[in-house]
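Protein chains in written order, with numbering that gives the first Met the number 0: chain A, 0 to 323; chain B, 0 to 323.
Accuracy of the hints is not assured; some may be wrong.
All copies of an identical chain are treated as equivalent in the list; a pair is satisfied when it fits inside any one copy or across any two copies.
DSSO-like, lysine-lysine: derived pairs with alpha carbons at most 27 Å apart [stated by the list, open to error]:
no., residue 1, residue 2
1, Lys16, Lys63
2, Lys185, Lys167
3, Lys322, Lys266
4, Lys16, Lys88
It should be emphasised that the hints constitute simulated quantities derived from the structure, not laboratory data. Given the structure is predicted, the values throughout are model-derived calculations rather than measurements.
Number of protein chains: 2
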Amino acid sequence: MQEHQQQILRAVTAVSKYPIRNFYFVACGGSLAVLMPGQYLIEQETEFPAFAYSSAEFTQRNPKALGPGSVVILCSTSGNTPETVAAAKFAREKGALTIGFSHLVDSPLWQEAEYRIHYSTGDEAEVNEYSNALLYRLLFAILDELQPDPKYKKMIYGILEVYPRNLKQTLEKYKEWAEDLGKAWKREPIIYTMSSGITYPVAYSFAICILMEMQWIHSQALHSGEFFHGPFEITDFDVPMIILKNIENDGRLEARAIAFTQKFSDKITVVDTSEFCYDGIEENLKKYFAPLIAAPVLRLFATELAEQRGHPLSVRRYMWKMKY
Amino acid sequence: MQEHQQQILRAVTAVSKYPIRNFYFVACGGSLAVLMPGQYLIEQETEFPAFAYSSAEFTQRNPKALGPGSVVILCSTSGNTPETVAAAKFAREKGALTIGFSHLVDSPLWQEAEYRIHYSTGDEAEVNEYSNALLYRLLFAILDELQPDPKYKKMIYGILEVYPRNLKQTLEKYKEWAEDLGKAWKREPIIYTMSSGITYPVAYSFAICILMEMQWIHSQALHSGEFFHGPFEITDFDVPMIILKNIENDGRLEARAIAFTQKFSDKITVVDTSEFCYDGIEENLKKYFAPLIAAPVLRLFATELAEQRGHPLSVRRYMWKMKY
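Extracted from the complex, chain A is given alone in its bound form (with noise of 0.2 Å):
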């Protein structure tokens, strides 16, 4: 806890310092998906331009205003995914100030960026060292700095106190659906899943590094917002999809999109993010919590798709298998 605590404080410092014109959040696949809800709350709560990219994307794009006064974050749990080692060195160069994210201490990202975050990773793990944890708690950090707010330290508070049992709690809610659920689309060639906002990232990286990547399964992360103006017409009786209804907004977008697909699929179903448990956490606070939750529920439904199809979690067939 210490050591991620100086880390931050040393990040935090620097920032705060800093004449930040704006923040560029840069990784790969999953880790991408991390950082996103720190995109999501820099635009909700300041005025600084926020985004959000891959990291090729991102030094392929080479953004005008990407130099002094940017503030770039970026993550890789190896520390040693090519692209995003490449992207902190060329937002270093470009003058940016730099914070990596990484699970391996003295990798080749840890080298290149500036400031440096280790983040903890699996079951024995705390979870509020995770990677998505320590971001939110490195940006409220930041915020609070910049613009004091008591619900900055009441969310950080709420990451380090109340959240690990929030999410226990909320696990064991979904410990049946899961079971279900895993058994039931055991041979589902397709699985589509589909969100918005700040629990859209979960949605996205479900797809691609859950479905796609360790299950090899078909999947898109559709958009509710999207859906209806295109992919909305692949619904049919037998056409998966997961919807991870958002807390924002009353889930509105998402209610839309399950009234319509109940009608016409008899495989759809739903998390409402609104279910959670998120005790002591105040009403404005909630939605900043529901990524951070959600995705350990997919997850267990994951894992009981993966024993339903013999297919463990962990095989691939070009991943860390050749060289690509």
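Position chain B relative to chain A; hints supplied.
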């Protein structure tokens, strides 16, 4: 022609006198894909923050930086897309300058937006009066007011005088490809698309509006930079992908995906946007024309596919047929 030009001029005059703080590009589905290269262009050519959002996501997010100083550009062919009309109203109430693109004059979007630009659609219309071409004509004219540069005038000239011919020639070149592919892939239940940067929106639109909406074929627009961080594990000998090779960055991201997928799938087709016809276009402006040509090239394939499958592109099962 005259009418478009006057509408553009009015908007350009207003924007060039406006204390611009940021740009938002807001629409749904295919219209959002039309606007996305605008976001890209502003990000490339200026330091103004530029964002592209699906209309409902835009109003749900309600970014704190939205307000006086925001230029909000919206698009809807019917001018009747409820989320886009609501977004125009929302942005205007927040004090933003709104510019609405609509095919239908006097549509609800036409009423809500402060400045309005009519665009043409269909095979009979001039291609430089389509929404994507008019968006460029607007944005390059704005740029030329804000930061005059001969290349912007060249770009506008290119759209007006050169692009229609280049498009026609390119389409000739891809005719046979489209016929062959339409036949070969007529029984495919899933077809992925892939691209990055300025041509990603074309891959996105083709996946959700053509394949899913008009052909009921499962799809996802993969991002070439994200591909190796999850999605590539679904690559298999019988998984078809259309890879739209970007002209920027020598198509490096796609080249890597092409090399990999061609090793493991027998169904990879590559549309290399650097091989399009760009006669009379300067090297550094070619990339802006790539999406304008790529969309009709892919559409050739859609037409053939629809013909082969006996499933006209005009057929819907839900859209326009019921309340949803």
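Hints, one by one, checked against the model:
1. Taking identical chains as interchangeable, the C-alpha atoms of lysine 16 and lysine 63 lie at most 27 Å apart whether they share a chain (23 Å) or sit on different chains (22 Å).
2. For a Cα distance limit of 27 Å, the shortest separation of lysine 185 from lysine 167 inside one copy, 26 Å, qualifies, whereas the shortest one across copies, 48 Å, does not.
3. Proximity of lysine 322 and lysine 266 under a CA criterion of 27 Å is satisfied inter-copy only: 21 Å between copies versus 38 Å inside one chain copy.
4. For the identical chains of this complex, lysine 16 and lysine 88 are intra-copy neighbours only, at 22 Å inside a copy versus 38 Å across copies, given an alpha-carbon limit of 27 Å.
Taken one by one, the earlier hints all hold for this structure without exception.
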